[in-house]
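Chemist: Protein chains in written order, with this note's numbering: chain X, 1 to 338; chain E, 1 to 125.
Careful, some of the hints might be misleading.
Said to hold, decoys possible - Simulated coverage check for chain E against chain X, where a stretch passes if three residues somewhere in it have a Cβ under 8 angstroms from a Cβ of chain X:
hint, region
1, 11-25
2, 79-85
3, 91-105
Claimed, not checked - If you want the ones that stay clear, here's a sample from chain E, every Cβ over 10 angstroms from chain X, calculated:
hint, residue
4, M1
5, I3
6, S44
7, L48
8, K49
9, L50
10, D56
11, Q108
12, S121
Simulated from the structure, these hints should not be mistaken for lab results.
No residue lacks a Cβ here, since even glycine has one placed at the ideal position from N, Cα and C.
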Amino acid sequence: MKYLFAIETSCDDTSVSILNMNNGEVIDTLSISQMIHEKFGGVVPELASRKHFTNIYPLIHTILKNNKLKYNDIDIIATTYAPGLLGSLLIGVTVAKTKAYSLNIPLIPVHHIEGHIVSNFIEKQSIDFPFIALVISGGHTQLVKVDDFHNYIILGDTLDDSSGEAFDKVAKMLELAYPGGPVVDKLAKNGNKDFNFPRPLLNKPNNDFSFSGLKTAVKVFIKNNPTALKEDICFSFQNAVCEVLKKKTNKVLKQYNIKKLVLAGGVAANSQIREEFSKIQGIEVLIPQKKYCTDNAGMIAKAAWFRYKNNFNILMPNHYENLNPVAHMRLDEEKRFD
Amino acid sequence: MKILYIDTTEPLIHIALWKDEVFIEKKKESRFHSVYLIDTIKESLNELKLKLHNIDVFVVNIGPGSFTGTRVGILTAMGFSKIFNKKLVYLKKNEDYKTIPSIVDSKQNNDEVVAVYNGLSYFER
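Construct the complete structure from the given sequences, taking the supplied hints into account.
Modeler: This is the structure in structure tokens:
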């Protein structure tokens, strides 16, 4: 066993990665982001799938060539199979199945959110449990208690929009570029006036989130105050999101008496969130490197490596032929196939 | 010559296999081509006691066909051709697949990823 090859095509980033099975080191990761969605202000699923379709083989060819490897050198395949856009996931799953079948090697299907959580442990050999994971991305806003390998308890989830979605939509209201996260982050650095946007569900006893009301509040504010500076609006909005995330997370950490927090997902690349969470007292906070925050195959490779180590869902030839992508699957809903 | 033909552009998975003079074909109804394609290919190969690496030329129908189905077939055929370093030939809907053995030699090896769809997506309208 030498090389693991991972594919990630769950949303709008086509990404492949190679990992050394002997020491768990991610050797190389190569990604193509699809800029075409910018003009639509959001990901167009059919278009994303078509782009993955044309990108995937050239990308695989390039990464193998760069590392002087051949198809025969691959000993194990991993792919994201849930959750995500069905048409996009299908590209990765089909390619992974084709390769595994042709080369007669095992295939490890990986849960995308587990990949995001593992992005904190890319350079580590093991994961120390237990911890609380705050998953904040374009599709998810969840507080997850992780007691052991693949032992997830979802403590809080979003009732409507995800935090990443809120960033994208506020950017759209302000006629900024897509994706909204990096632009809002950049403008917020120059803002200094806080308009005190609502902090949704902050005083509710549960651990759930809601960002749709905050989004509407921003929309109404922009309509009533056309002269307000974009920088200040971004600053106020980001403050509201940050405070909600921080207070809810703190509450959960206290409630379960856990001293370790892990951030995961694209929104974890936001500089204010990174800064404020790293300042939490008495808690060990892990924040992934910025390049591993957004969707990438490196984290999928590493998650597959941990699955291999824990003997979880390794599909041998004749067992993965019927593997199918799944659009919606919570972390705690994933079943064993092996 | 051994040729494997894959067509997933329609609601039926269609596999045709030539082993020199012997010819077999399989049509399987499936709602999810991605799930049943490899099984159908396996069955056909087993019937003629062939292995995938014995195939000399892979032929795939590039449409016009359904969005997802067409892509699944092309990705699979392309993966086979790349891994075993064998010729990949594209066939269009209007070409008769029964003529494949007589036309594969005159066709070039395809490396570009193309698919033709039998309709427009909402972003193209």
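Chemist: Each hint should be assessed against the structure and marked as holding or not.
Modeler: Hints and how they fare:
1. 11-25: violated (count 0)
2. 79-85: holds (count 5)
3. 91-105: violated (count 0)
4. M1: Given that every Cβ of chain X is farther than 10 angstroms from that of M1/E, nearest at about 20 angstroms, it holds.
5. I3: Non-interface label on I3/E holds, nearest chain X Cβ at 17 angstroms vs cutoff 10 angstroms.
6. S44: holds (14 angstroms)
7. L48: Fine: 17 angstroms to the nearest Cβ keeps L48/E off the interface.
8. K49: About 17 angstroms separates K49/E from the closest Cβ of chain X, which puts it past 10 angstroms; holds.
9. L50: Holds, since 14 angstroms exceeds 10 angstroms.
10. D56: holds (15 angstroms)
11. Q108: holds (17 angstroms)
12. S121: For S121/E, whose nearest Cβ neighbour in chain X is about 4 angstroms away, the distance does not exceed 10 angstroms, so it is violated.
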